[in-house]
Amino acid sequence: MNKRILIISADNLGIGIDQVPYQHFEYLKYPVLVGEKEYRESETYSASWLLERFVKEKITAKSSSLSRAEMTDLIEKNVNNYDLIIQVVMGSNMSAATFNIAEEVKEKFKDLIPVINIDSRQVVGGTGAVLLRLIDIIKTTDDDETIKKQAGELVTNTFSYYVTPDLNYLNRGGRIGKAKALLGSVLRVLPVIGLMGDDPEGLIIPVGQGRTFKQVNSLIINSIREKMNEKKAEVITVAIISGDESKRDAIDDLKREFEGSIPCKNLIYGKLHLVEAIYMGPGGYSVSVCMK
Amino acid sequence: MQQKIAEIKIAFDNISKYFWRHKEYVNRLNVFPVPDGDTGLNIALTIQGALANTPDNLPDNILPGEFLKLISDNMLLNSRGCSGVILSLFFEGMTEVLENNDFSRENLLKAIENGCITAYNGTENPREGTMLTLMSELKMKYSEIITTKVNPLELIIDCIPHLKETLDKTPDMLPILKQAGVVDSGGAGFLILLEGLEREFNSRKTPETLPLSVALKINSVLKDLLVKRYLRKKRSDTGTLVQSLGAGNISNTRLHNIVHNVQQYLKNRTHNHNNKYPTREALKKDTKEFESSWNPDIRYRYCTELTVSSDKDIDSQALKEQIINYGDSLIISGRGNTYKIHIHTNKPDSVIKNIYLFGNIILRKVDDMKKQHRNFISYDSIEYEKEQSVFCIVSGEGFKKILQSLGADYVYDYGKRKPSVKKLVDLLNSLKSKNIIAAPDDGDILMSLKYAASLCKANVFIVESKNAISLISLLMGKTNEINKTNFLFRDRINNIKHFMISKSAKESSVDGVAVKKGDFFVIYNGKIFLSEKTLKDVAAEAINKLLNDESIITVYKGLHVKGNNLAAGLKNKFPGLEFEEYYGGQTQYHYYITLE
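Protein chains in written order, with my numbering: chain A, 1 to 292; chain B, 1 to 596.
Derived by calculation from the structure, the hints in this document are not laboratory data.
Treat the numbers as computed from the prediction; the structure is a model and nothing was measured.
Careful: at least some of the hints might be erroneous.
[Stated by the list, open to error] In silico DSSO-like links for lysine-lysine, alpha-carbon gap of 27 Å or less:
| no. | chain 1 | residue 1 | chain 2 | residue 2 |
| --- | --- | --- | --- | --- |
| 1 | A | Lys-214 | B | Lys-497 |
| 2 | B | Lys-401 | A | Lys-214 |
| 3 | A | Lys-178 | B | Lys-365 |
| 4 | B | Lys-320 | A | Lys-232 |
| 5 | A | Lys-180 | B | Lys-386 |
| 6 | A | Lys-214 | B | Lys-545 |
[To be verified] To give an idea of the chain A side of the interface with chain B (calculated C-beta under 10 Å), a few residues:
| no. | residue |
| --- | --- |
| 7 | Asn-229 |
| 8 | Ala-233 |
| 9 | Thr-237 |
All C-beta atoms in this analysis are idealised placements derived from N, C-alpha and C, irrespective of residue type, glycine included.
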């Protein structure tokens, strides 16, 4: 690789920043609003901090789009040190504002440095999976067009499955999409929702529902297998499992089932950031897989 | 090159959109080989499927011929119905030739010729008067005028007037078309696609036609007038209305003639003319024939479409031999390890079983054509608003709410009185759904549901569920499994381990278990499992015996249970388990209890 490439993303990857194996990586932090007060991810204000407050204090929180000024500053700071900047952004249908800001910033710097914005069509681990595979790609090529094309293939071959015990957290954020059908069950159920990279609409869809963690974990594994058959994929290139640590048993069970039945080159046990706690809600966890 | 590919894509997209606007016209024409009533939709979805599945990120160096081949491959895989498959085969044959990127008028002729060969060879019992005839005529006319223009697309456009004439002649080639007063729907669809192509160059007018349902209603009014009302001495208002109908606006030639003749008949009677026009009996016969022409004997009832895929190449000849005797209208298309099969049959399950011998079935669709036809011709035809609905029939307000919240489209709570066939027919029709998955909570309802299913206007897929828990089980699991096309939902009803508790009204000994009057007993797997004096004891004993690795016990309370929190009592006995209690409202049992 001759070009110096900087990758920018945000704290919405389903993995810790230290789990990103790329030296030239920068990230922005999503603002989280609890009442009128704004928080950013830190040692104090973490996902577990917010999830605990959700349960104990019944607070409501919402996320905001990334700051245009911060994104501009970050690029300005690096513009002379690199030949190409790639931004891996959460799905534009999940946050149109963030993707629009990324596009505006790209336009602003167009005479100074090429910027590629990748609409991951994902959140949490899905965005992380696209990022990790992108890092693999730029090890083999630094051609802008090839990167764009291959990144497009990554996006359409990345699939996420979320267990969200309380869908109201997602509903309040206006991101529930087609999974609305799973809302309001009289029985206590565990809804499984998904983001399918091959869906151009990029909306959250209902995958299914179960009563126990064992049931929904099996449901997720079956869904991944079904998707692999459909895509004729023999192996998962990267998978990220992350979630609310209070549901460690359920997450470990999913990890065991996954390891036991899905061929995967790189299974990563990730972590949630502050903003991701808003999407997942208490007890939520997810697995994202890339098949390319 | 990217520019050219983009232009081709836009052209296909515009033609597809143009066809969508005309698909209802084609749907209304459909009478051959049987009245599926969805030829227009099938063609539209075939093209749309091809475009939707063509990837955006294509190699930079892809040439137009290769791109067209890619679209044709996707078209074949996404084709639906006879017409969709024949169209795909024609395009597949064409693109096999055009893959060499020679777009001269001479090579296009070769392409059309190869398209015809592929379409005819791929169709079981090819018949004239169909889309195939128009394809063949296109080849003939194009060949005839090939020297008149340089641009091959303009040559195709110049063939359109001849193809219109050919389409108008299709009723002379197929008696059923003549009887119905329509041209062939597949042929009309093919022509509309060519007109869409022409529209890329020019503009065109939208053809107008009388909706078939309206035509049938007009005919029924005429028949009614001739059979009943004209017998009355007082002059009929309907007669006045019929006389004022503008027959010139009715494009269906057969109906046009009937209206005209009835008007003449009415006029003759009013003015006391004599015998110049058909008699009332002759006109009655005409209206009956017009009606019955839309009710042909459907020999094979189920339009079955399947896509089979295997790890190794499939022997298409062996596949054909395996299923050819199950029906007619057989079309097998595809290549290598993936094939698409279309057949009209009375035994879809047998066809499916036989096809499993060749690989996994990745897509399947079974449509009951009699049902569709019955709705199509009836006076109170239903405008379907949904493709599919899940309909549950249950006793208990609590279960009604639970099932609704789990995603059932409609839940009928019948309380103590099981629904009649008529009630079920009304409910099924009120859903305005083309396909309905219907599931009762009692085996005793199955018979009437089956009969109602035969009388209603939807395709009904009955789940032989026998209690409320199996309905919950049906709605749990993967969302996409609740789908008539894969039938997986039928296996889901037994997924939840459960038992029922009731109180004995008399002393008895059944299934080797003695039950005293007033005791509580457990029914598990259709048999009496055990009995005890108290409710709590009988429930605890059953849980104890049936528990394996389950973690959640759910208690559904019946209508007649008062002030008893069974779940709380059981929690004390089984502290390691999670208990939940809901109101089911069932009349038959005191409790349903599930172990998950």
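Hints the structure fails to honour: The structure breaks hints 8, 9; every other hint is satisfied.
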